[in-house]
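Student: Single-letter residue listing:
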Amino acid sequence: MIFILAWRNIWRNKMRSIIIILSIAIGLFAGIAVLALYKGMMKSRVRNVIDSEVGHLQIHNSNFKKDYEPQFILDKGTEVLKAVRQIPEVKLAAFRSITTGMIATPTGSAGVQVNGVVPNLEYSISQLRKKIINGKPFDPAKRNEIMIGQKLAKKMKLKPRSKLVLTFTDTSGNMVSNALRVAAIYKSDNAPLDEKNVYVNIEELNALLGIRNSFHEIVILLKNDADVEKIQQELRQKFPVYQIESWREISPETDLMVKTVNQYSYIIMFIIMFALAFGIVNTMLMAVLERTREIGMLVALGMNRLKIFLLIFLETFFLTLAGTPVGILIAWLTIAYLNKPGLDLSGMGREMMSSFGFGTMIYPEFPIDKLSGVILIVILTALISCLFPAMKALKLQPVEALRS
Amino acid sequence: MNTVIDAHDVSKTYNLETIPVYAVNNVHLHIEKGEFTALVGPSGSGKTTLLNMIGGLDKPDTGTVYIDGVEITKLSANQLIEFRLKNIGFVFQSFNLIPVLTARENVEFIMLLQNVKKSIRDERVKQLFTQIEMDDKMNVRPAQLSGGQQQRVAVARALASKPKFVLADEPTANLDSKSASNLLDIMTKLNNEEHITFLFSTHDQRVIDRARRVITLVDGRIVSDSAAVSTKHEKADV
Chain A
0 MIFILAWRNI
10 WRNKMRSIII
20 ILSIAIGLFA
30 GIAVLALYKG
40 MMKSRVRNVI
50 DSEVGHLQIH
60 NSNFKKDYEP
70 QFILDKGTEV
80 LKAVRQIPEV
90 KLAAFRSITT
100 GMIATPTGSA
110 GVQVNGVVPN
120 LEYSISQLRK
130 KIINGKPFDP
140 AKRNEIMIGQ
150 KLAKKMKLKP
160 RSKLVLTFTD
170 TSGNMVSNAL
180 RVAAIYKSDN
190 APLDEKNVYV
200 NIEELNALLG
210 IRNSFHEIVI
220 LLKNDADVEK
230 IQQELRQKFP
240 VYQIESWREI
250 SPETDLMVKT
260 VNQYSYIIMF
270 IIMFALAFGI
280 VNTMLMAVLE
290 RTREIGMLVA
300 LGMNRLKIFL
310 LIFLETFFLT
320 LAGTPVGILI
330 AWLTIAYLNK
340 PGLDLSGMGR
350 EMMSSFGFGT
360 MIYPEFPIDK
370 LSGVILIVIL
380 TALISCLFPA
390 MKALKLQPVE
400 ALRS
Chain B
0 MNTVIDAHDV
10 SKTYNLETIP
20 VYAVNNVHLH
30 IEKGEFTALV
40 GPSGSGKTTL
50 LNMIGGLDKP
60 DTGTVYIDGV
70 EITKLSANQL
80 IEFRLKNIGF
90 VFQSFNLIPV
100 LTARENVEFI
110 MLLQNVKKSI
120 RDERVKQLFT
130 QIEMDDKMNV
140 RPAQLSGGQQ
150 QRVAVARALA
160 SKPKFVLADE
170 PTANLDSKSA
180 SNLLDIMTKL
190 NNEEHITFLF
200 STHDQRVIDR
210 ARRVITLVDG
220 RIVSDSAAVS
230 TKHEKADV
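Protein chains in written order, with numbering that gives the first Met the number 0: chain A, 0 to 403; chain B, 0 to 237.
Hints listed in this document are in silico derivations from the structure and should not be mistaken for laboratory results. Treat each hint with caution, since some may be false.
Said to hold, decoys possible - PhoX-like mimics (lysine-lysine), calculated; alpha carbons at most 20 angstroms apart, straight line:
{"no.": "1", "chain 1": "A", "residue 1": "Lys222", "chain 2": "A", "residue 2": "Lys306"}
{"no.": "2", "chain 1": "A", "residue 1": "Lys306", "chain 2": "B", "residue 2": "Lys116"}
{"no.": "3", "chain 1": "B", "residue 1": "Lys125", "chain 2": "B", "residue 2": "Lys161"}
{"no.": "4", "chain 1": "A", "residue 1": "Lys158", "chain 2": "A", "residue 2": "Lys130"}
{"no.": "5", "chain 1": "A", "residue 1": "Lys81", "chain 2": "A", "residue 2": "Lys237"}
{"no.": "6", "chain 1": "B", "residue 1": "Lys85", "chain 2": "A", "residue 2": "Lys306"}
{"no.": "7", "chain 1": "B", "residue 1": "Lys58", "chain 2": "A", "residue 2": "Lys394"}
{"no.": "8", "chain 1": "A", "residue 1": "Lys154", "chain 2": "A", "residue 2": "Lys141"}
{"no.": "9", "chain 1": "A", "residue 1": "Lys90", "chain 2": "A", "residue 2": "Lys222"}
Predicted model only: the values in this text are computed from it and were never measured.
Just chain B, with the same shape it has in the complex (with noise of 0.2 angstroms):
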């Protein structure tokens, strides 16, 4: 398997001036691809905070993180978005369409931004709207989508540009249970055929229960890790 994230050590400090919070602290991550992991805590464990560095979103106070062999910490504002937009797809919690373009539209736009060809652009919407089930949806904006369908709309997009790992803040927040259940279905199914790395953070137990592996984290550490478990229980049974 290849390391896709690989974040050393990583800590991320708040308020520096006044009362440090430790948002994240020394934390050590290492993802393979393929994963299906979730990142699991109370509210204000540094879930967000923990995805908005190995995203290039945020940079750590101390640490390093590597995508797929890129030390991403290193890297300036501007090497950061064109880093963003070839190498990692995101998933937001409520939804963020593009409002004023189609679905079609959307999915289509990390496309562009990389100067994808039109016919390759064609195939790849068409491909992806048949992944998230959503063939007849493709020219509605997303005022007209319920959040479920927003939020498969989103999934393409962020699959839309190829992505070495797909992170998912919270993307089940605002789902009813139904819309949901799809929403994993979809991504299950993604990460099972096509192998697509997935890394989000939620506190739904239902997300939790779909995860291959789950992380823990409680102020800002890793307090458990479902791989290091089952590692340490393969171990034992050998």
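So that you can see chain A by itself, here it is in the shape it has in the complex (with noise of 0.2 angstroms):
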């Protein structure tokens, strides 16, 4: 019976519920909506760390990692990635050759990271080449060809065709140079990356470095993203002598990212609700008020405090409860009307998300794992809101009440 009780009593003043319910209902769009944008963005960088930065999974010698020293090669390399791609889980798997230099034009100079690839490898692995903007893949035809990032290109003044010259230490310690032509300006959608990045054709680097066949680094990229950790261990056991990372392990601010927005996204849900309590506590404190005589009634019959209070929050809850599927049901229907579209921020600063290696299309997804954390929230604010109209309600003196 408290259940009607409280029912019936939100539907007492229709308007005053209705417009509390689309409060909460709105308040709720929104922040799910942002956890959907959340998801959506953060879904979308651990995309590009994996699909077109690092891959699942890296293999280097132990000490490579340290400085980048051309002479920590992976030993039997070859074997090694003969095995990685025996792996069923494997998708795919590419080398690389890696060292640091610097590259010159006659205004001026970078440090660059030098990433020797099997062009063909590399278009697959890390989409090289759907990342191009100017100019033409690596032509198996022509040497000395280098593919730059397009904030290095702005930096150092290079348009395609246009001539460098890269400078590094082969594995004995000395200065090794090479001219190189720009054959084509990329853009992915982490701009610090460009900057550094430059990939030159893996025989060429391997003949000035000195390590002939040989290579540093083994990416590989698995059918199923949950097969991390499994085929990790797997690895680790397989080949112990050599270092072998995660994508959480090579991009740890990637993880942080994820995890530190998976707090803030809590965060800001909790900011939208506790702003909605203060409608809903001077709601329910209006409801207690206009009722002190009935409550003071209940009493005198032999209602106890404990149901009242039951009843108190029966009807803040309710109240609350009313306007979470209508809430929920705006925010999915609106991110499944723009899940496949995307969002375009590019009007925020695509320098500004491409500094932090985001795309400017989002494609929210709805946070269905978050919805229990999100339904939680919403009882605690009822239960919240409840407590100040509830104690209003349980210090009524039944003879004042009765008597008012």
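Given two chains presented individually in distinct reference frames, assemble the corresponding complex, making use of the accompanying hints.
Tutor: What follows is the structure, given as structure tokens:
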């Protein structure tokens, strides 16, 4: 009966209840929309990291990443690569030779990471070909070609066919220089990486480094994201002397960002519901004060304080909960509508988004995994919001209330 | 006969910090089971205050109130709520039904608070609505009932918990004469047939005329009690 009483009580003042239900629905919609946007952004960032930056897993000589010294090649790299490719969960495995160096033009110089790649493999593993915005991919008939990022090209005032000199040290510690011609300028969603990474043909780089058919890195793409830890463990057991890292270890900032944004999204939800709580408290307080006499009468008849509290809580809870499915539904419909075409945030600043490694097209995704958390926040909000009005109701003395 | 209400030397003062006003002053009251008693007196004579103290809604400054042998003046606020639920039926001046519940639900509500089984509740509700002659209005909300009908439902609600007695504070004050007469008929019938004890405050002469015992309060003191008078007359006759 208390449930029926509470439910009917919230409809005593329909307009007031509808307004608060709508404000809860809109607040919830806003909260879920932010969560969906964050989820879309994080998913896209993680996909970028995996699909076009570092892959799922990487294998290096355990000394290589300390100083990126070229002598720390992957011993028996070809055998390791063969073994990796035989793992059924592996979709693709590519190899790279890597060194750090400096590119110089008549107008300036810049420090870079030189990636010696097998063009066709690289096009598949990091979608390098798709990122080309100016120029042409590596031409097998030509030698000494280099692909550079847009940000570096702008900084160094380079364009396709421009010449530059690349200098680095070989495995013997000798300075090596090579004149290269820009084949193409690429652009990814990660501007800092674009400024740092240049790509050359692996054979040419290996020849200059003096490592012949060796390489420094194996990049692995798996068929399924969920297999990362399993395959990492498997590889660590098979090749204990190598450093085998997952994308989370290679790009800890991305992992941290995902975790932080997860926490932030709950904080945002809390802030929205906290603001709404004031509206709910106000409505419930009005409802209690309007019914002083009635509540006094209920106490006089023998309704104990726990039941009075329960009545006020249920009214607040129903009021809050009534807005919840509406808010969730609006959010779901909006997100479903925007999920395919995506949301173009280029207006917020392409450069700014890119500097954090984000693309400007975000595909919001309904945060189904956070729905239970959101509902818990809603229930908590109802509980907190009912406290003050309920205290007011509990303090009512039946004699005074009936006299009012 | 059993004593239902026993109030000893009950006093209640308001405005203690300025000029004290005795709302109830050294009242002794003794009510037996099955009585149909009217508490009368001018406005401000202390009728409602006395009823509130007997009903456990208010506490006297001095004195004790026993209901069916239990000293309710010693009970805590929470114990009083429980006591009222099980022992006292209330009928208030301005109907005070829960507007969002139907007449039936209003009556059933008290039994729900007492955790009475559904089958018993249904039977009791049916019986009460027959007694108040409102079988056809059970599923109607209070707003759709006349004042008299609402007050009859309030009487049914007061009786739902099978209380030791019913306290009614000016039950006919807001009723027209026909509705008041109907309500009094029902209350009298319940008193006569089921020996339900009624104690009500009133200044309605029609109610006073129907009461078997009339206690008059003036300035918080009992100035006359028809029971005492009749006892004296009975003694004189002997």
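Student: All the hints need checking, so say for each whether the structure fits it.
Tutor: Consistency of the hints with the structure:
Taking the CA atoms of Lys222(A) and Lys306(A), the gap is about 57 angstroms. The hint is violated against a cut of 20 angstroms. Using a Cα cut-off of 20 angstroms, the hinted pair Lys306(A) and Lys116(B) holds, with the two alpha carbons roughly 19 angstroms apart. Of the supplied pair hints, the one linking Lys125(B) and Lys161(B) holds, its CA atoms being roughly 14 angstroms apart against a limit of 20 angstroms. The straight-line distance between the Cα atoms of Lys158(A) and Lys130(A) is roughly 15 angstroms, inside the 20 angstroms bound, and the hint therefore holds.
Using a Cα cut-off of 20 angstroms, the hinted pair Lys81(A) and Lys237(A) holds, with the two alpha carbons roughly 13 angstroms apart. Simply put, Lys85(B) and Lys306(A) have alpha-carbon atoms about 16 angstroms apart, close enough for the 20 angstroms limit, and the pair holds. Between Lys58(B) and Lys394(A) the alpha-carbon distance is near 16 angstroms, which keeps this suggested pair within the 20 angstroms criterion. Taking the CA atoms of Lys154(A) and Lys141(A), the gap is about 26 angstroms. The hint is violated against a cut of 20 angstroms.
The straight-line distance between the Cα atoms of Lys90(A) and Lys222(A) is roughly 5 angstroms, inside the 20 angstroms bound, and the hint therefore holds.
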